[in-house]
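> Protein chains in written order, with the working numbering: chain V, 36 to 147; chain D, 56 to 168.
It cannot be assumed that every hint is accurate.
Said to hold, decoys possible - Here are the simulated DSS-like pairs of lysine-lysine, each with C-alpha atoms no more than 30 Å apart in a straight line: (1) D/K133 with V/K114; (2) D/K109 with V/K98; (3) D/K96 with V/K92.
Stated by the list, open to error - Just so you have them, the derived chain V footprint on chain D, three or more residues with Cβ under 8 Å: (4) 67 to 77; (5) 86 to 99; (6) 122 to 134.
These aren't lab readings, by the way, just hints derived from the structure by calculation.
In this text the structure is predicted, and so the values were computed from the model without any measurement.
Glycine residues also receive a C-beta, built at the ideal position from the N, C-alpha and C atoms.
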Amino acid sequence: EDQVTQSPEALRLQEGESSSLNCSYTVSGLRGLFWYRQDPGKGPEFLFTLYSAGEEKEKERLKATLTKKESFLHITAPKPEDSATYLCAVLGFGDSWGKLQFGAGTQVVVTP
Amino acid sequence: EAGVTQFPSHSVIEKGQTVTLRCDPISGHDNLYWYRRVMGKEIKFLLHFVKESKQDESGMPNNRFLAERTGGTYSTLKVQPAELEDSGVYFCASSRNTMGGYTFGSGTRLTVV
Numbered sequence: 036e037d038q039v040t041q042s043p044e045a046l047r048l049q050e051g052e053s054s055s056l057n058c059s060y061t062v063s064g065l066r067g068l069f070w071y072r073q074d075p076g077k078g079p080e081f082l083f084t085l086y087s088a089g090e091e092k093e094k095e096r097l098k099a100t101l102t103k104k105e106s107f108l109h110i111t112a113p114k115p116e117d118s119a120t121y122l123c124a125v126l127g128f129g130d131s132w133g134k135l136q137f138g139a140g141t142q143v144v145v146t147p
Numbered sequence: 056e057a058g059v060t061q062f063p064s065h066s067v068i069e070k071g072q073t074v075t076l077r078c079d080p081i082s083g084h085d086n087l088y089w090y091r092r093v094m095g096k097e098i099k100f101l102l103h104f105v106k107e108s109k110q111d112e113s114g115m116p117n118n119r120f121l122a123e124r125t126g127g128t129y130s131t132l133k134v135q136p137a138e139l140e141d142s143g144v145y146f147c148a149s150s151r152n153t154m155g156g157y158t159f160g161s162g163t164r165l166t167v168v
């Protein structure tokens, strides 16, 4: 069965203090790895899809990278509005389309 | 475009009662998914519709759960009879294609007491 492990569980940053979140995965052939952001009381909000090792995607202060075993979400010069839980999910070739396997998430708090 | 709408946003029911959750996907999205997060656990897949057909219902925990999507538009998820372990947040999502850029609703928080 696919496994997704995210670390750290929680991260507290000062505004402007860059950091990285980790998503390690085990899957029988990767169709795609997905990053979502979730705010309290809301559903996950799609950020990126990565398909193959070496791929990178960027959006504002966020940059996602992918290797054969893990993905990183880099937050550059974060602002308080970047505070959220960041979720990683994978879709393997052994899974049906639509059956994402989520990690537990990393809760990020950015203080002014 | 309007987002994915779920209601109710909260539901508190007694063990043994029936609850029906509803999801209205984004118009034109043939793919509709149900996921749930129980306390302290990851978000887990329940099932996937393509239009009105169940593509994969392997995540449905047992036969107390019944999902329907009549006419390929909105979907309902019925829990009958509800048990304490069914408490959690039920998310619905929809998409045009299946490569993960799903739009999630805000969820229904179900509490079974």
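> Hint by hint, work out which the structure violates, then give me just those numbers in ascending order.
1, 2, 4 and 6
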